[in-house]
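Visitor: Protein chains in written order, with numbering that gives the first Met the number 0: chain L, 0 to 412; chain Z, 0 to 412.
Don't read these hints as lab results, they were simulated from the structure.
Positions of the beta carbon are idealized from the N, C-alpha and C atoms, including for glycine.
Here are the computed lysine-lysine pairs in the DSS-like style, where the Cα-Cα straight-line distance is at most 27 Å:
#, chain 1, residue 1, chain 2, residue 2
1, L, Lys-362, Z, Lys-295
2, Z, Lys-24, L, Lys-24
3, Z, Lys-362, L, Lys-295
4, L, Lys-362, L, Lys-316
5, Z, Lys-24, L, Lys-27
6, L, Lys-1, L, Lys-141
7, L, Lys-295, Z, Lys-316
8, Z, Lys-141, Z, Lys-27
9, Z, Lys-144, Z, Lys-24
10, Z, Lys-144, Z, Lys-27
11, Z, Lys-295, L, Lys-316
12, Z, Lys-362, Z, Lys-316
13, L, Lys-1, L, Lys-144
14, L, Lys-24, L, Lys-1
15, Z, Lys-141, Z, Lys-24
16, Z, Lys-1, Z, Lys-141
17, Z, Lys-1, Z, Lys-144
18, L, Lys-27, Z, Lys-27
19, L, Lys-141, L, Lys-24
20, Z, Lys-27, L, Lys-24
21, L, Lys-141, L, Lys-27
22, Z, Lys-1, Z, Lys-27
23, Z, Lys-24, Z, Lys-1
24, Z, Lys-316, Z, Lys-373
Which chain L residues stay away from chain Z? Per the calculated CB distances, all over 10 Å, these:
#, residue
25, Arg-140
26, Gly-143
27, Met-187
28, Asp-229
29, Lys-362
30, Gln-397
31, Ser-410
Covered stretches of chain L, going by a simulated chain Z footprint (3 or more residues, C-beta under 8 Å):
#, segment
32, 12-21
33, 25-38
34, 283-289
35, 292-306
2 protein chains.
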Amino acid sequence: MKTAEIVSVGTELLLGQTLDTHSAKLAKLLADCGIVCQRRSTVGDNLARIEAVLRESLLRADVVLTIGGLGPTMDDLTRDAIALALDENLVLESGFEAKLREYFAARGVPWVESISRQAQRPASAVFIDNPNGTAPGLCCRKAGKVVIALPGPRGEFNPMADGPVRIILEELQSGTVIHSRLLRVCGMGESQVEAKVAHLMHGDNPSVAPYAHPGEVHLRLTARAATRGDADLLLNPLDQAIREALGAAVFAIDDATLEAAVLQLLGERGQTLAVAESLTGGGLAARLTTVPGSSKGFKGGIVSYWNDAKTDVLGVKAETLAQFGAVSAECAKEMASRIRLLFATDFGVALTGNAGPDALEGKPSGLVYCAVAKGDNVEVASFQWRGGREDVRLRSTQMALVQLRERLLNSGA
Amino acid sequence: MKTAEIVSVGTELLLGQTLDTHSAKLAKLLADCGIVCQRRSTVGDNLARIEAVLRESLLRADVVLTIGGLGPTMDDLTRDAIALALDENLVLESGFEAKLREYFAARGVPWVESISRQAQRPASAVFIDNPNGTAPGLCCRKAGKVVIALPGPRGEFNPMADGPVRIILEELQSGTVIHSRLLRVCGMGESQVEAKVAHLMHGDNPSVAPYAHPGEVHLRLTARAATRGDADLLLNPLDQAIREALGAAVFAIDDATLEAAVLQLLGERGQTLAVAESLTGGGLAARLTTVPGSSKGFKGGIVSYWNDAKTDVLGVKAETLAQFGAVSAECAKEMASRIRLLFATDFGVALTGNAGPDALEGKPSGLVYCAVAKGDNVEVASFQWRGGREDVRLRSTQMALVQLRERLLNSGA
Numbered sequence: 000m001k002t003a004e005i006v007s008v009g010t011e012l013l014l015g016q017t018l019d020t021h022s023a024k025l026a027k028l029l030a031d032c033g034i035v036c037q038r039r040s041t042v043g044d045n046l047a048r049i050e051a052v053l054r055e056s057l058l059r060a061d062v063v064l065t066i067g068g069l070g071p072t073m074d075d076l077t078r079d080a081i082a083l084a085l086d087e088n089l090v091l092e093s094g095f096e097a098k099l100r101e102y103f104a105a106r107g108v109p110w111v112e113s114i115s116r117q118a119q120r121p122a123s124a125v126f127i128d129n130p131n132g133t134a135p136g137l138c139c140r141k142a143g144k145v146v147i148a149l150p151g152p153r154g155e156f157n158p159m160a161d162g163p164v165r166i167i168l169e170e171l172q173s174g175t176v177i178h179s180r181l182l183r184v185c186g187m188g189e190s191q192v193e194a195k196v197a198h199l200m201h202g203d204n205p206s207v208a209p210y211a212h213p214g215e216v217h218l219r220l221t222a223r224a225a226t227r228g229d230a231d232l233l234l235n236p237l238d239q240a241i242r243e244a245l246g247a248a249v250f251a252i253d254d255a256t257l258e259a260a261v262l263q264l265l266g267e268r269g270q271t272l273a274v275a276e277s278l279t280g281g282g283l284a285a286r287l288t289t290v291p292g293s294s295k296g297f298k299g300g301i302v303s304y305w306n307d308a309k310t311d312v313l314g315v316k317a318e319t320l321a322q323f324g325a326v327s328a329e330c331a332k333e334m335a336s337r338i339r340l341l342f343a344t345d346f347g348v349a350l351t352g353n354a355g356p357d358a359l360e361g362k363p364s365g366l367v368y369c370a371v372a373k374g375d376n377v378e379v380a381s382f383q384w385r386g387g388r389e390d391v392r393l394r395s396t397q398m399a400l401v402q403l404r405e406r407l408l409n410s411g412a
Numbered sequence: 000m001k002t003a004e005i006v007s008v009g010t011e012l013l014l015g016q017t018l019d020t021h022s023a024k025l026a027k028l029l030a031d032c033g034i035v036c037q038r039r040s041t042v043g044d045n046l047a048r049i050e051a052v053l054r055e056s057l058l059r060a061d062v063v064l065t066i067g068g069l070g071p072t073m074d075d076l077t078r079d080a081i082a083l084a085l086d087e088n089l090v091l092e093s094g095f096e097a098k099l100r101e102y103f104a105a106r107g108v109p110w111v112e113s114i115s116r117q118a119q120r121p122a123s124a125v126f127i128d129n130p131n132g133t134a135p136g137l138c139c140r141k142a143g144k145v146v147i148a149l150p151g152p153r154g155e156f157n158p159m160a161d162g163p164v165r166i167i168l169e170e171l172q173s174g175t176v177i178h179s180r181l182l183r184v185c186g187m188g189e190s191q192v193e194a195k196v197a198h199l200m201h202g203d204n205p206s207v208a209p210y211a212h213p214g215e216v217h218l219r220l221t222a223r224a225a226t227r228g229d230a231d232l233l234l235n236p237l238d239q240a241i242r243e244a245l246g247a248a249v250f251a252i253d254d255a256t257l258e259a260a261v262l263q264l265l266g267e268r269g270q271t272l273a274v275a276e277s278l279t280g281g282g283l284a285a286r287l288t289t290v291p292g293s294s295k296g297f298k299g300g301i302v303s304y305w306n307d308a309k310t311d312v313l314g315v316k317a318e319t320l321a322q323f324g325a326v327s328a329e330c331a332k333e334m335a336s337r338i339r340l341l342f343a344t345d346f347g348v349a350l351t352g353n354a355g356p357d358a359l360e361g362k363p364s365g366l367v368y369c370a371v372a373k374g375d376n377v378e379v380a381s382f383q384w385r386g387g388r389e390d391v392r393l394r395s396t397q398m399a400l401v402q403l404r405e406r407l408l409n410s411g412a
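Chain L extracted, bound-state conformation (with noise of 0.2 Å):
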């Protein structure tokens, strides 16, 4: 199998300022076109180290792929660095410089002499398409090894990975993919999914691997194989057997998210939904709103931070408000009422507690209420989550939407 290293370029990503997520991507691109990463470095914005680890990387790997670097300015060393690595002179595209002028002049930008920086390529280069940006991507083969140079900018370096690069890397490949099938889990703690699933975690191809997400637990699955298919037929018994065990609490697979399951079992209902937040501050809703057509079951929502807008604008009653308080079941179940009947939905769910970092009314820090209406009945739960205020927020947009799911299986098809 041929084998790849990564190597990520930039200061910022020495001193911890920025999270290199786009080396992640490219290890995941890379797994999924059956060649195997065996090493991913970064270094900062200095010649002869990007030099050095590219030198080293050639030597032990098939296949280089660099981040980073490729702008115009002083800092950008990364086609140098490459050139000197491959003892190759840099040469000038000037077809390539002519329609950075013209895109320049078009945008009233003034030319500077470094931008021609970005139409320099090592001499066993092509460049690489980047349709949102003005430095190209690079990929040099000579001597059987392969150079894959991407720039940073995030609007530029997902389209190309995606893109040409994914090409290339499944032109390289040996005839083995490694494929992996995310099942993700709601409604059960990491150690309960693992007693239930224990004896199916022992095998090696296909492997499960249990990670922990806040209000989540997910299994990957992992298969090699000849072809994708081949690794799908190992993987789908295996798939079987832990949604037998697991039952519905298995809500989706891979890239699918908690907040698209519960928007497709509302869609094939036909039913719709509201919410009315407190503490999570329109956070429900926006986790709804990700999801391209969600327009279809979702109508809305009321953030009622203060207890004005929950009275005034929200509907709860003072009374309310005043014997149990806004952190407080009967809030929540009133809150449910109201937003199901202001939307005309048929579901109505709500959230109201104490995002902290303070006491609030006496109460707790991380104490939180969620009510979920369907018709006149209203059904409440409370949850007192540990963490900061950001966790509690989350965890509260994640506990309702496991609520919501569990009324929209609950109440049939």
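Chain Z: place on chain L using the hints.
Guide: Structure of chain Z alone, referenced to chain L:
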């Protein structure tokens, strides 16, 4: 100055399944302690490869920090690899093994022989206490080099990094700190910012580096000095000069967010805010309420995702929607006025538009209107964003905050 390298161990990192946040945290810690991090490497759970990367790092750097691979399972090989790289044997700390046995017995967990691997250490190592797990860290000092090994689980890693490891690193530091300050700029593109501060960007100590983020530009000012106080003395005049060049566009420093800056202005003026959202689906409200104490100025909002909700709940005129559509300046203005009235606030902010992916009312994906109402005065702006759904939504909340901030600044203290 002392140099360091970080080695992350874990096949899940090489497969891109988990993001290496620990390594960024250690990188920051090194910078804080004035130790220059020159390289970060990631290798899988493979003894020979971990040993190889450790031997290489030890040739280049004074300090090598490892993350992961200290647990009891067969995959946990960092302990063994460090011993190999240092040409040492592993020795068993029998006192610590006895403690582990007690710990497991007290919890009724059966002892398996592999657990005792956690009581092993390279001969030159001392244990670093791990109050939240069974695998201790390691600190080896040999021939002028220091190797520090930390376990991977977040709840164990973080307190060890912040506590004993920081102390070890501070003791190693050579009387120099690298101190950074981030100036956050909004309402200006990166090239506009660069044009205004280009004359300030040539220094080496202190230095300035710009980073573009959606709707913001961050300028990182970095200084090296004997103490943090001395570094601040180098940064202050540069900070001042940049603020003079950019004016009010500098909205915050370091980790302070735009939403926090806006809420602070509101608080200083004793004014209140409510928001009406369509395409952002609660994302603006959610951003505002991430800030602790946001309830001082933020009263709440309405997510009017369906047109029904715009008319029936928010009170936009049906004629407005019929004549101009929901994606229109007219609708945005009415939403802003209505939300201000409903919530009885000083400011009302509204966002409506098409988040994509498809055209809506014949209007393109990415077309967004943002209105800010104060009293009877409503101002509206329109934008045509490129990019995917999440980009459009993020940029829209950003533009709403920028617009609101301008209104706040222009309306005086």
